[in-house]
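Chemist: Sequence:
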Amino acid sequence: MAEQTITYDRADCCLTDETEATTEEVGRRFVHIPGAAEEQKRELPQEKIKQNEKTEETAEPKLSAEIRKRNKFFFGCYLVLKRLFDIVFSAVILVAFSWLYLILALAVKCSDGGKVIYKHERVGKNGKKIYIAKFRSMKRDADKLDKMLTEDQRRQYEKEFKIDDDPRITKIGKFLRTTSLDELPQVWDIFVGRLSFVGPRPLMRDELESKYGAAAKKFTSVKPGLMGWWTAHGRSNCTYESGKRQQLELYYVDHCSVWLDVKTIFITFFAVLRRDGAK
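Start counting the sequence shown at -19; every next residue gets the next number (the working numbering).
Hints listed in this document are in silico derivations from the structure and should not be mistaken for laboratory results.
Don't take each hint at face value.
[What the hints assert, rightly or not] Here are the simulated SDA-like cross-link-like pairs (lysine to any residue), alpha carbons at most 25 Å apart as the crow flies:
| no. | residue 1 | residue 2 |
| --- | --- | --- |
| 1 | 197 | 186 |
| 2 | 105 | 151 |
| 3 | 198 | 237 |
| 4 | 119 | 96 |
| 5 | 95 | 82 |
| 6 | 105 | 168 |
| 7 | 151 | 93 |
| 8 | 95 | 56 |
| 9 | 89 | 111 |
| 10 | 52 | 220 |
| 11 | 114 | 63 |
| 12 | 109 | 231 |
| 13 | 114 | 158 |
| 14 | 108 | 187 |
| 15 | 154 | 173 |
| 16 | 108 | 56 |
| 17 | 95 | 85 |
| 18 | 52 | 168 |
| 19 | 105 | 193 |
| 20 | 105 | 61 |
| 21 | 108 | 194 |
| 22 | 99 | 235 |
| 23 | 108 | 184 |
| 24 | 49 | 235 |
| 25 | 99 | 69 |
| 26 | 105 | 57 |
| 27 | 198 | 43 |
| 28 | 49 | 197 |
| 29 | 243 | 54 |
| 30 | 105 | 150 |
| 31 | 224 | 254 |
| 32 | 49 | 254 |
| 33 | 99 | 75 |
| 34 | 89 | 150 |
| 35 | 52 | 71 |
| 36 | 95 | 107 |
| 37 | 114 | 220 |
Please construct the entire structure, taking both the sequences and the accompanying hints into account.
Modeler: Shown next as structure tokens:
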């Protein structure tokens, strides 16, 4: 009978002297090599761990594309109340804060003489193309200033559609962004019905398709908003790469209600005051 040699580390094994003696009789010989088990742990498991970590990093977040069924009557009443709220409060803000609009417009104009308002193309409800307004926070012709970005910044934009310490942002623009005042012109978009006060943030089409995939239709099943469940929970601190942003936005789509809207407004208000996730 051919003899088999089995190496082991006594510190990591429950073999007794009697076990070794018995197995020697059937042609197996145990050789005690200190550290053998530890060496194996260092080699094979580490490779598996690295593979698992790599898989987790590159894995796409699993998003449900199923649109939740709602009671048509109650959901219809909710939409009517929501639209009435949008019209009344957007009109109040436009009138009451007209002086602030004027001051901010002058500040942007005096910063470099460029346009005051910048219009972005976004995807609205049911996939419709819409344009939303912002106070311009970037230098003139910022879309053509890619040379100002580093490779790391370009990669970050591809992942998150945002850039840390973007060199294209003006001084007044940085203030507008960290205080979210750059989005004040969107109150007009709410008044005319392109946006709502509360809803998923409107996205560019390529951003929507690349980050939401099959769930894109679900995302656009409700009207986009000035603030949403994502903005209420840290904005830029909840990233696409982690999947947290998608989960928060789709949570709102599934559970939108009067109570959730009120909750979102209050949480976002304090998040803006604390400048949580502002960039």
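Chemist: Evaluate each hint against the coordinates.
Modeler: Now the hints, each set against the structure:
A threshold of 25 Å between alpha carbons decides the hint, and for residue 197 with residue 186 the separation of about 13 Å falls inside it, so the pair holds. Between residue 105 and residue 151 the alpha-carbon distance is near 34 Å, which puts this suggested pair outside the 25 Å criterion. Between residue 198 and residue 237 the alpha-carbon distance is near 16 Å, which keeps this suggested pair within the 25 Å criterion. Restraint check: the Cα-Cα separation between residue 119 and residue 96 comes to about 11 Å, which is no more than 25 Å; the hinted pair holds.
Of the pairs offered as hints, the one joining residue 95 and residue 82 holds, with about 14 Å between alpha carbons and a cut-off of 25 Å not exceeded. For the hint linking residue 105 to residue 168, the alpha-carbon distance of about 17 Å falls within 25 Å, and the restraint holds. With a CA separation close to 14 Å, the supplied pair residue 151 and residue 93 stays within the 25 Å bound. The straight-line distance between the Cα atoms of residue 95 and residue 56 is roughly 40 Å, outside the 25 Å bound, and the hint therefore fails.
Restraint check for residue 89 and residue 111: the C-alpha separation of about 21 Å stays at or below 25 Å, so the hint holds. Of the pairs offered as hints, the one joining residue 52 and residue 220 is violated, with about 32 Å between alpha carbons and a cut-off of 25 Å exceeded. Of the pairs offered as hints, the one joining residue 114 and residue 63 holds, with about 22 Å between alpha carbons and a cut-off of 25 Å not exceeded. Simply put, residue 109 and residue 231 have alpha-carbon atoms about 23 Å apart, close enough for the 25 Å limit, and the pair holds.
Only pairs whose Cα atoms come within 25 Å are accepted, and residue 114 paired with residue 158 is accepted, the gap being roughly 14 Å. A distance of roughly 15 Å separates the Cα atoms of residue 108 and residue 187; the hinted pair therefore holds under the 25 Å criterion. Of the pairs offered as hints, the one joining residue 154 and residue 173 is violated, with about 28 Å between alpha carbons and a cut-off of 25 Å exceeded. This hinted pair checks out: residue 108 and residue 56 have alpha carbons roughly 20 Å apart, not beyond 25 Å.
A distance of roughly 9 Å separates the Cα atoms of residue 95 and residue 85; the hinted pair therefore holds under the 25 Å criterion. At most 25 Å may separate the alpha-carbon atoms for a hinted pair to count; residue 52 and residue 168 exceed this at roughly 29 Å. A hinted pair counts as satisfied when its Cα atoms are at most 25 Å apart, and residue 105 with residue 193 qualifies at roughly 16 Å. Our distance criterion of 25 Å between C-alpha atoms is met by residue 105 and residue 61, whose separation comes to about 18 Å.
Restraint check for residue 108 and residue 194: the C-alpha separation of about 17 Å stays at or below 25 Å, so the hint holds. Under the criterion of a C-alpha separation no larger than 25 Å, the hint pairing residue 99 with residue 235 is inconsistent with the structure, at around 30 Å. A hinted pair counts as satisfied when its Cα atoms are at most 25 Å apart, and residue 108 with residue 184 qualifies at roughly 11 Å. Taken as a hint, the residue 49 and residue 235 pair is honoured in the structure, with Cα atoms around 11 Å apart against an allowance of 25 Å.
Between residue 99 and residue 69 the CA atoms are separated by roughly 22 Å; this keeps the pair inside 25 Å, and the hint holds. Under the criterion of a C-alpha separation no larger than 25 Å, the hint pairing residue 105 with residue 57 is consistent with the structure, at around 18 Å. Distance hint between residue 198 and residue 43 is fulfilled; the C-alpha atoms sit about 10 Å from each other, no more than 25 Å. This hinted pair checks out: residue 49 and residue 197 have alpha carbons roughly 14 Å apart, not beyond 25 Å.
Proposed proximity of residue 243 and residue 54 is supported: the alpha carbons are some 19 Å apart, at most 25 Å. Distance hint between residue 105 and residue 150 is unfulfilled; the C-alpha atoms sit about 32 Å from each other, more than 25 Å. At most 25 Å may separate the alpha-carbon atoms for a hinted pair to count; residue 224 and residue 254 meet this at roughly 20 Å. In summary, the hint linking residue 49 to residue 254 is not supported, as the alpha carbons are separated by about 36 Å, beyond the 25 Å threshold.
Between residue 99 and residue 75 the alpha-carbon distance is near 22 Å, which keeps this suggested pair within the 25 Å criterion. Between residue 89 and residue 150, the direct Cα distance comes to roughly 11 Å. Compliance with the 25 Å bound is thereby established for this hinted pair. For the hint pairing residue 52 with residue 71, the CA-to-CA distance comes to about 29 Å; that exceeds 25 Å, so the pair is violated. For the proposed pair residue 95 and residue 107, the alpha carbon gap of about 28 Å is over 25 Å, so the pair is violated.
A C-alpha spacing of about 23 Å is found between residue 114 and residue 220, which places the hinted pair at or below 25 Å, so the restraint holds.
Checked against the numbered hints above, the structure breaks hints 2, 8, 10, 15, 18, 22, 30, 32, 35 and 36 and satisfies the rest.
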